[in-house]
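Number of protein chains: 2
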Amino acid sequence: MSDLYAMRWKAVFDEDDFPERADSGRLSFVEESGNAYLNARQTSDVAVEQQKVIAADAVIFQFPLWWYSMPAVMKGWFDRVWAYGLAYGYKNAGNKYRYGEGAFKGKRAMLSVVVGGPEADYAPRGINGPLDELLFPITHGSLFFLDLTCFPPTPCMAVPHASPSKTCWLAKAAWRLRVERLFEDAPIPFRAQNGGDYPERHILSSQVAVGQTGLLAHIADIESVRQAAHHPFRGWPFS
Amino acid sequence: MSDLYAMRWKAVFDEDDFPERADSGRLSFVEESGNAYLNARQTSDVAVEQQKVIAADAVIFQFPLWWYSMPAVMKGWFDRVWAYGLAYGYKNAGNKYRYGEGAFKGKRAMLSVVVGGPEADYAPRGINGPLDELLFPITHGSLFFLDLTCFPPTPCMAVPHASPSKTCWLAKAAWRLRVERLFEDAPIPFRAQNGGDYPERHILSSQVAVGQTGLLAHIADIESVRQAAHHPFRGWPFS
Chain A
0 MSDLYAMRWK AVFDEDDFPE RADSGRLSFV EESGNAYLNA RQTSDVAVEQ
50 QKVIAADAVI FQFPLWWYSM PAVMKGWFDR VWAYGLAYGY KNAGNKYRYG
100 EGAFKGKRAM LSVVVGGPEA DYAPRGINGP LDELLFPITH GSLFFLDLTC
150 FPPTPCMAVP HASPSKTCWL AKAAWRLRVE RLFEDAPIPF RAQNGGDYPE
200 RHILSSQVAV GQTGLLAHIA DIESVRQAAH HPFRGWPFS
Chain B
0 MSDLYAMRWK AVFDEDDFPE RADSGRLSFV EESGNAYLNA RQTSDVAVEQ
50 QKVIAADAVI FQFPLWWYSM PAVMKGWFDR VWAYGLAYGY KNAGNKYRYG
100 EGAFKGKRAM LSVVVGGPEA DYAPRGINGP LDELLFPITH GSLFFLDLTC
150 FPPTPCMAVP HASPSKTCWL AKAAWRLRVE RLFEDAPIPF RAQNGGDYPE
200 RHILSSQVAV GQTGLLAHIA DIESVRQAAH HPFRGWPFS
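From first to last, the protein sequence lines are chains A and B.
Using numbering that gives the first Met the number 0, you'd call the opening residue of the first sequence number 0 and step up by one each time.
Using numbering that gives the first Met the number 0, you'd call the opening residue of the second sequence number 0 and step up by one each time.
To be clear, the hints were calculated from the coordinates, so they are not data collected in a lab.
On a predicted model such as this, the values are computed, not experimentally measured, just so you know.
There could be a bad hint or two in this list.
Same chains, same label: a pair holds when it works inside one copy or across any pair of copies.
What the hints assert, rightly or not - Calculated pairs, DSS-like style, for lysine-lysine (alpha carbon to alpha carbon, straight line, at most 30 Å):
hint, residue 1, residue 2
1, K95, K165
2, K51, K165
3, K51, K171
4, K95, K106
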């Protein structure tokens with residue numbers, strides 16, 4: 000477990016991340032990240048977090064939704080731990096291995112998100128936008144990108160209005176069931192970059208997601224995800 | 000100007016943000032943020048940033064796209080500066096005033112985003128997803144939410160492959176033009192929460208965006224935005 004607040008995690012990715020620079024003049028994060036990772040010159044806090052993920056079968060990211068994204072401290076975990084050579088630029092091959100090929104093949108990931116607003120605000124036509132699209136930069140862009148198999152998020156909605164007895168009990172029961180099924184449930188079926196759906200320049204083939212544009216075109220079977228999202232133990236509150 | 004790195008901006012929103020707590024037992028960020036803002040008990044760094052925005056006619060957010068979002072240091076600016084009573088819970092009225100009504104009415108905002116990947120990756124059917132949807136949690140959820148009139152982002156794409164002479168010159172020219180037109184160009188036509196499009200429970204009326212779901216249903220005229228995005232001076236590189 001990494002309790003980022005308790006660890007006083009350094010959120011800001013900056014020159015202090017590179018005590019031994021490849022180029023002491025100009026600070027290129029990509030170049031220095033690759034240099035530090037590949038030559039084992041990372042700061043120890045970053046290396047320890049990478050080792051935790053490497054040792055894990057599944058990773059759960061628990062956070063409150065702040066401004067429709069992660070809190071800064073967790074964003075800083077991704078900024079710093081997802082190094083060049085490991086998370087992007089895998090095998091030092093540019094964008095060749097990503098979205099379904101990467102260092103974390105076979106590992107599972109799930110977001111456990113605590114949301115202040117009511118479920119209606121995040122409905123398919125709710126004013127905030129649907130949660131699965133708001134979280135796409137994380138699920139698709141920050142997890143599946145590295146070949147972490149990503150499961151539909153398990154949100155707790157309307158948390159400030161939760162009753163400690165009933166709704167918290169239900170939330171715990173729903174969460175327990177989700178975790179128990181983490182190695183059985185179907186993941187979000189994101190399309191693999193090198194699986195044939197992107198034959199040229201990483202643009203969808205005209206044969207798939209016909210007529211669709213936007214984030215959800217990159218999910219092979221959005222209906223299965225939406226149905227899973229309506230499973231009675233999927234989220235709460237449920238009546 | 001607020002250069003967050005140079006200022007060594009405190010990114011992590013934590014108990015140190017509330018030197019005088021309303022409740023010294025349980026830390027509720029919503030409650031303490033409201034208490035600190037409404038009783039002028041915020042830390043001075045946060046109060047100074049709020050005053051800068053209040054004094055501004057337009058605010059430009061300049062950042063590199065890291066993991067399809069802002070770097071942690073800027074996320075921490077939003078987490079800390081966008082206080083309850085000012086940015087959300089405006090007039091202490093819950094969700095009544097947001098998305099088109101709020102403390103920052105009449106102010107303008109624009110994102111200036113530097114992107115490593117090539118433009119094709121962010122095309123309407125490109126593998127990363129379109130930039131306007133990836134940035135929706137910021138443009139819609141963190142700016143228009145507060146009634147900042149938000150303009151289409153001006154990205155610089157494929158930056159690691161830019162030639163200092165030609166592409167940087169073009170980027171500067173494009174940027175200059177965008178800034179000159181900041182008080183003339185058309186904003187992203189996000190739908191106002193209290194303008195009639197959300198008659199009940201903040202869900203879109205069946206009369207608007209018929210058959211649409213998802214993020215872009217909250218933009219009244221997506222075609223105008225997409226056309227603006229293809230303006231020759233909108234982004235670069237352009238041939």
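Practice task
If the cutoff is 30 Å on CA atoms, where do K51 and K165 land: within, between, both or neither? Let me know, please.
Solution key: This pair counts as neither: shortest intra-copy Cα distance 35 Å, inter-copy 44 Å.
Next item on the list: Please work out whether the CA atoms of K95 and K165 approach to 30 Å or closer within one copy, between two copies, in both situations, or in neither?
Entry: Classified as between; 27 Å across copies, 49 Å inside a copy.
When no copy is specified for K51 and K171, does a C-alpha distance of 30 Å or less occur within a copy, between copies, both, or neither? Result: close within a single copy only, 25 Å intra versus 43 Å inter.
Review point. Which holds for K95 with K106 at a C-alpha limit of 30 Å: within a copy, between copies, both or neither?
Key: This pair counts as within: shortest intra-copy Cα distance 20 Å, inter-copy 42 Å.
In this structure, the one hint that does not hold is number 2.
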